[in-house]
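In case you want the letters, here they are:
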Amino acid sequence: MNGTAPPRESARLLVLRIVVVVALVLGVNYVGWRWLASVNWANWWIAVPLVLAETYSVIDLGLFGMTMWRARRRGAPPPAPAGATVDVFITTYNESIELVMATAIGAQRIRYPHTTWILDDGDRPAMRAAAEAAGIGYLTRGKEWSDRPRHAKAGNLNNALLRTSGEFILVLDADMVPKPEILHRTLGYFADEKVAFVQTPQVFTNVTPADPLGGQAPLFYGPILEGKDGWNAAFFCGSNAVLRREALMQLGIAGYVGQTERRVAAGLRTASRILGRAARSVEPEAREVVRELEAAISVARRELATGVAIGELTYRLQRSVEATARTIVAGDLAQIEADLAAIGIPASELAEDAESVLASLSSGVLSPLHAVEAAYLAVRGIGVSDPGEAQAVQPLATISVTEDMATSMRLHSLGWKSVFHNETLALGLAAEDLDAMLTQRLRWAQGTMQVFLRENPLTVRGLRLPQRLMYFSTMWNYLSGFTTVVYITAPVLFLTLGVLPVDAFSADFFWRFIPFLIMNQLVFLVAARGLSTWRGQQYSFALFPVWIQACVTAAMNVLAGVPLNFAVTPKTRSATGGRALRRIRWQIIAAAVLLLATIVGIVRLFVLGAEPIGTGVNVIWVIYDFIALSVLIGAVRYRGFTASQEAT
Amino acid sequence: MTEVDIEPRSSDSAVLRPVGRLNLVTAPALRQSVSEQIGLGRVRLIVDLAEVAFMDSSGLGALIGALKSTRDAGGDLRIAAPGEQVAMVLALSNVDRILKPYPSVDAAATED
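Line by line, the protein sequences are chains A and B.
With our numbering as the guide, the letters of the first sequence map in order to residues 1 to 648.
With our numbering as the guide, the letters of the second sequence map in order to residues 1 to 112.
Calculated from the structure, these hints are not laboratory results.
Keep in mind that a hint or two might mislead.
[Claimed, not checked] Quick list of in silico lysine to aspartate or glutamate cross-link-like pairs, DMTMM-like style, CA-CA up to 25 Å: (1) B:K100 <-> A:E389; (2) A:K143 <-> B:E84; (3) B:K100 <-> A:E246; (4) A:K194 <-> A:E132; (5) A:K417 <-> A:E132; (6) B:K100 <-> A:E322; (7) B:K100 <-> A:E9; (8) B:K100 <-> A:E132; (9) B:K100 <-> B:E111; (10) A:K143 <-> B:E111; (11) A:K179 <-> A:E144; (12) A:K194 <-> B:E84; (13) B:K100 <-> A:E423; (14) A:K143 <-> B:D12; (15) B:K100 <-> A:E303.
[Unchecked claim] Anything over 12 Å on all C-beta distances counts as not near chain B; from chain A, calculated: (16) E167; (17) R245; (18) R639.
Yeah, the Cβ is synthetic: ideal placement off N, Cα and C, and Gly gets one too.
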């Protein structure tokens with residue numbers, strides 16, 4: 001812990017820790033009793049989801065408490081070293097030239113010596129002209145990227161990394177105008193050789209104090225990141241961060257070596273299997289070819305097993321296969337690829353999709369000659385780099401649309417340290433309408449769940465337990481969409497049909513629940529240090545369809561390859577109206593159902609003599625749900641920052 | 001100071017000899033030299049590391065990038081005669097599992 005923390009800070013942390021422990025004890029007391037003594041098993045179909053949802057909430061509180069446990073306020077940064085070389089990257093795709101240039105001019109004014117670069121993924125001549133006129137560097141994708149996956153922002157940054165040479169890199173989004181002292185206030189941390197990156201807050205200038213869209217995230221870029229920082233788990237948030245080039249390159253190299261070994265081993269296995277099947281039914285002339293290919297593959301596999309370098313063995317493999325190639329078909333490589341494409345097997349997927357080739361072979365669709373061609377192509381793809389990628393070494397992770405979190409996790413697992421420096425050093429623009437905000441939230445949620453499914457922080461190697469839980473807690477948050485649905489359904493069922501998920505709303509229930517509820521809110525209050533957390537809590541509840549959509553689409557993407565279809569978050573208002581309402585249709589339906597249920601519940605109370613305490617509890621519960629959902633009314637009516645400024 | 005000595009050996013091969021540190025500052029010079037040689041049709045390259053006192057991950061990245069470029073152009077890239085620090089970096093990063101460090105330029109040239 002920070003040994004020089006002032007006494008008041010230590011006292012506050014102690015209070016926070018006590019409050020967290022008490023809240024958790026009460027939470028376990030409540031949930032334990034719920035499971036053991038209060039589940040109404042007759043209505044298990046709603047009772048069990050409800051108690052599961054409540055258990056989720058207590059775990060959520062536990063993770064939040066742990067995040068707060070070692071909250072680290074770093075104070076003044078160490079002084080910046082002399083002579084460090086810095087590249088400032090401004091990433092852009094389709095933002096307006098004025099917006100990007102405003103950021104770039106601001107970056108030029110950074111006092112510490114540096115080079116400013118605009119990374120234009122839109123490849124716009126006007127952008128290039130503006131950059132050159134202002135004496136600012138301009139980078140676009142090289143020709144190695146044509147016909148290859150672009151990997152959005154991660155690809156943009158990876159491309160720039162190979163074209164620059166500064167020791168440190170400051171990453172800025174197109175709208176994030178930096179303050180001149182930004183590098184002086186962050187470079188000092190890198191004196192510790194193990195620090196890989198320094199993250200600073202993202203603060204927005206176009207947000208009113210009421211913040212109807214929940215654009216500012218003062219709890220996240222504040223107590224939460226400080227908490228994660230205390231466990232060395234503060235993650236890179238995509239902008240407003242300085243990264244150490246050596247850390248990124250080391251990460252890229254490590255990834256490259258591992259992936260290459262796996263790809264070569266898999267490619268050899270695939271080619272072997274395809275050949276094995278083809279061999280059985282091929283005509284005599286082709287048998288010689290099959291034997292030669294099999295021999296070459298088996299030599300390669302043996303060499304791989306005995307530790308021969310991949311460069312060496314792939315070189316030998318390709319040379320021996322080249323000789324065979326001339327006897328396979330009269331045509332060339334392009335001819336073979338065209339042949340296979342005509343029957344629906346794209347060459348690029350051969351190495352990975354042995355199953356479909358084998359299936360086609362079995363069903364007779366693929367002739368043995370085609371199988372030999374396919375095996376040949378599969379072998380040709382076995383090399384020192386992935387033929388389907390533009391770059392061999394890809395430092396920033398490309399497994400998720402939120403490349404930043406995945407990259408941080410990998411850096412942490414290699415033993416690097418991160419720093420969260422809580423000082424506003426750049427100012428940007430938040431989404432100005434509901435549509436843009438929802439798109440942005442969906443993207444972050446999808447990206448986080450992609451990381452969860454592809455590189456689960458609970459199981460990847462190299463992380464310490466607190467770091468695992470810190471990453472996991474961000475992912476855990478997004479599961480709340482499902483529990484919110486339960487929290488809406490349960491009171492509706494009681495108020496309309498009298499379905500009771502608990503045995504009784506007895507005194508026991510209140511004695512356990514109310515104190516826990518109060519302590520829960522107290523934890524937020526103490527942790528937030530006076531910042532308002534209410535907007536955040538409202539949106540956490542109200543965006544339940546977004547969280548559910550994110551979980552489902554991320555799962556379909558990772559497990560079944562369904563593309564995500566996300567759009568770059570618009571940085572300017574779009575003139576929409578009915579569209580926004582359509583995007584929150586589930587919340588509107590939920591609100592209508594809740595309202596209806598309340599009316600029915602009250603009717604049942606007075607006319608049918610329903611249980612009064614139960615009705616009272618559920619009506620209060622519904623009112624809470626309403627107030628949370630009501631945040632969307634302000635969001636839909638919000639006409640943007642300038643309009644609300646003019647209104648006051 | 002960044003220097004990459006170039007010794008053409010034939011119409012399609014050459015030896016590149018970086019001198020000093022092969023790191024984030026000098027890696028672009030190596031990339032550039034490789035690019036030029038490939039442009040001249042010399043796609044079978046040997047990088048003689050004997051004069052390289054220090055290499056970091058950017059240097060490794062330049063070597064791997066060069067390996068990919070030469071292979072894509074139908075050639076090959078080999079590394080030779082790494083010093084102690086360079087050999088250690090190659091081993092720690094496991095890049096020696098990809099690029100075999102040949103003991104000398106001749107050894108790299110004759111093996112086929």
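So, going through the hints one by one against the coordinates:
{"no.": "1", "hint": "B:K100 <-> A:E389", "verdict": "holds (23 Å)"}
{"no.": "2", "hint": "A:K143 <-> B:E84", "verdict": "violated (36 Å)"}
{"no.": "3", "hint": "B:K100 <-> A:E246", "verdict": "holds (23 Å)"}
{"no.": "4", "hint": "A:K194 <-> A:E132", "verdict": "violated (36 Å)"}
{"no.": "5", "hint": "A:K417 <-> A:E132", "verdict": "violated (37 Å)"}
{"no.": "6", "hint": "B:K100 <-> A:E322", "verdict": "holds (22 Å)"}
{"no.": "7", "hint": "B:K100 <-> A:E9", "verdict": "violated (55 Å)"}
{"no.": "8", "hint": "B:K100 <-> A:E132", "verdict": "violated (43 Å)"}
{"no.": "9", "hint": "B:K100 <-> B:E111", "verdict": "holds (12 Å)"}
{"no.": "10", "hint": "A:K143 <-> B:E111", "verdict": "violated (33 Å)"}
{"no.": "11", "hint": "A:K179 <-> A:E144", "verdict": "violated (35 Å)"}
{"no.": "12", "hint": "A:K194 <-> B:E84", "verdict": "holds (23 Å)"}
{"no.": "13", "hint": "B:K100 <-> A:E423", "verdict": "violated (47 Å)"}
{"no.": "14", "hint": "A:K143 <-> B:D12", "verdict": "holds (23 Å)"}
{"no.": "15", "hint": "B:K100 <-> A:E303", "verdict": "holds (13 Å)"}
{"no.": "16", "hint": "E167", "verdict": "violated (6 Å)"}
{"no.": "17", "hint": "R245", "verdict": "violated (5 Å)"}
{"no.": "18", "hint": "R639", "verdict": "holds (48 Å)"}
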